[in-house]
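Chains as they are written, first to last, in the numbering used here: chain G, 4 to 152; chain P, 4 to 152.
I should point out that these hints are in silico values taken from the structure, not numbers from a laboratory.
Certain hints may be false.
Below, simulated BS3-like cross-link-like pairs (lysine-lysine); rule was C-alpha separation at most 30 Å, straight line [to be verified]:
#1 G:14 with G:117
#2 P:117 with P:34
#3 P:14 with G:76
#4 P:14 with G:34
#5 P:111 with P:34
#6 P:117 with G:76
Calculated Cβ distances over 12 Å to all of chain P for the following chain G residues [said to hold, decoys possible]:
#7 7
#8 8
#9 89
#10 98
#11 148
Calculated Cβ distances over 10 Å to all of chain G for the following chain P residues [said to hold, decoys possible]:
#12 11
#13 14
#14 38
Please read these numbers as outputs of a predicted model, since none were measured by experiment.
In this text, a Cβ means the ideal position worked out from N, Cα and C, and glycines have one as well.
2 protein chains.
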Amino acid sequence: MIYFEDLDVGKQTFFGSCDVTREEVLEFARKYDPQPFHLSDEAAARTYFGRLSASGWHTCAMTMGVIARAVVKDEQAGLGSPGIDELRWLKPVYPGDTLHVNGRIVDKTPSRSKPDLGSFRTQTTVTNQDGVAVLRFTSIVLIRRRPAA
Amino acid sequence: MIYFEDLDVGKQTFFGSCDVTREEVLEFARKYDPQPFHLSDEAAARTYFGRLSASGWHTCAMTMGVIARAVVKDEQAGLGSPGIDELRWLKPVYPGDTLHVNGRIVDKTPSRSKPDLGSFRTQTTVTNQDGVAVLRFTSIVLIRRRPAA
Chain G
4 MIYFEDLDVG KQTFFGSCDV TREEVLEFAR KYDPQPFHLS DEAAARTYFG
54 RLSASGWHTC AMTMGVIARA VVKDEQAGLG SPGIDELRWL KPVYPGDTLH
104 VNGRIVDKTP SRSKPDLGSF RTQTTVTNQD GVAVLRFTSI VLIRRRPAA
Chain P
4 MIYFEDLDVG KQTFFGSCDV TREEVLEFAR KYDPQPFHLS DEAAARTYFG
54 RLSASGWHTC AMTMGVIARA VVKDEQAGLG SPGIDELRWL KPVYPGDTLH
104 VNGRIVDKTP SRSKPDLGSF RTQTTVTNQD GVAVLRFTSI VLIRRRPAA
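Build out the structure end to end from the sequences listed, making use of the hints.
Printed below as a string of structure tokens:
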């Protein structure tokens with residue numbers, strides 16, 4: 004189990020990768036972001052995106068999928084997140100892309116009111132198969148402190 | 004068509020509502036956020052959430068679904084978003100909840116480099132059936148300027 008005490012500020016972690024499929028891009032967009040440029044190449048061609056691209060929220064969801072699988076495997080004692088700062092969709096994400104998810108621990112703070120709890124901030128950067136950063140955000144994450152022996 | 008020129012700073016808009024179902028909470032979590040507390044009541048009972056709650060990213064996706072359907076219907080000339088600031092998951096979202104999505108235009112800025120483009124910031128607040136705010140964030144949105152007559 005990874006606790007607050009085990010986190011090293013500045014440490015970088017590669018969480019894993021995922022492939023972006025056209026089918027999933029369309030399925031997510033139909034359900035959660037049915038703007039024309041996320042539904043067809045034709046509509047996207049008239050925008051900055053140029054061709055069908057993933058909803059930014061879909062990119063966030065795919066990123067969380069990669070992170071969640073890694074932290075569950077490592078048994079990190081995380082308790083969810085109160086929020087996100089400075090989220091930037093830097094470049095479009097297209098069907099056929101492969102996304103690589105990296106994190107860096109920015110800082111960590113013991114809770115002032117709850118002795119069994121701490122929080123840390125981590126900056127997540129997602130790059131595509133060309134090494135281009137497509138998404139970056141800073142999360143606040145709650146985590147258990149190591150129980151006294 | 005709603006263009007940059009039609010946006011009123013300070014204006015509040017009710018975008019719509021959606022119901023949170025247990026089936027969809029589990030489906031989203033299995034795919035995009037398989038942390039134990041998003042997969043079962045038993046695991047959630049040992050956390051702050053108390054019982055099965057939606058992934059925060061799922062709440063964002065449902066919120067975007069409500070907003071996207073409203074702006075597509077209104078033919079807002081939006082061109083996507085470069086990012087989000089100060090996103091806060093304020094309270095858990097549970098199966099059976101109904102979410103209401105409201106927005107308020109914070110400011111708007113014409114593009115300095117592109118005469119046909121502007122951007123605005125909008126603060127989105129999502130409340131549940133009890134009037135409790137569960138999610139709040141500020142988006143930056145790109146939008147077309149009204150073409151010269």
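Quick rundown of the hints versus the structure:
| no. | hint | in the structure |
| --- | --- | --- |
| 1 | G:14 with G:117 | holds, 25 Å |
| 2 | P:117 with P:34 | violated, 39 Å |
| 3 | P:14 with G:76 | violated, 46 Å |
| 4 | P:14 with G:34 | holds, 27 Å |
| 5 | P:111 with P:34 | violated, 36 Å |
| 6 | P:117 with G:76 | violated, 47 Å |
| 7 | 7 | holds, 16 Å |
| 8 | 8 | holds, 20 Å |
| 9 | 89 | violated, 6 Å |
| 10 | 98 | holds, 17 Å |
| 11 | 148 | holds, 15 Å |
| 12 | 11 | holds, 22 Å |
| 13 | 14 | holds, 21 Å |
| 14 | 38 | violated, 5 Å |
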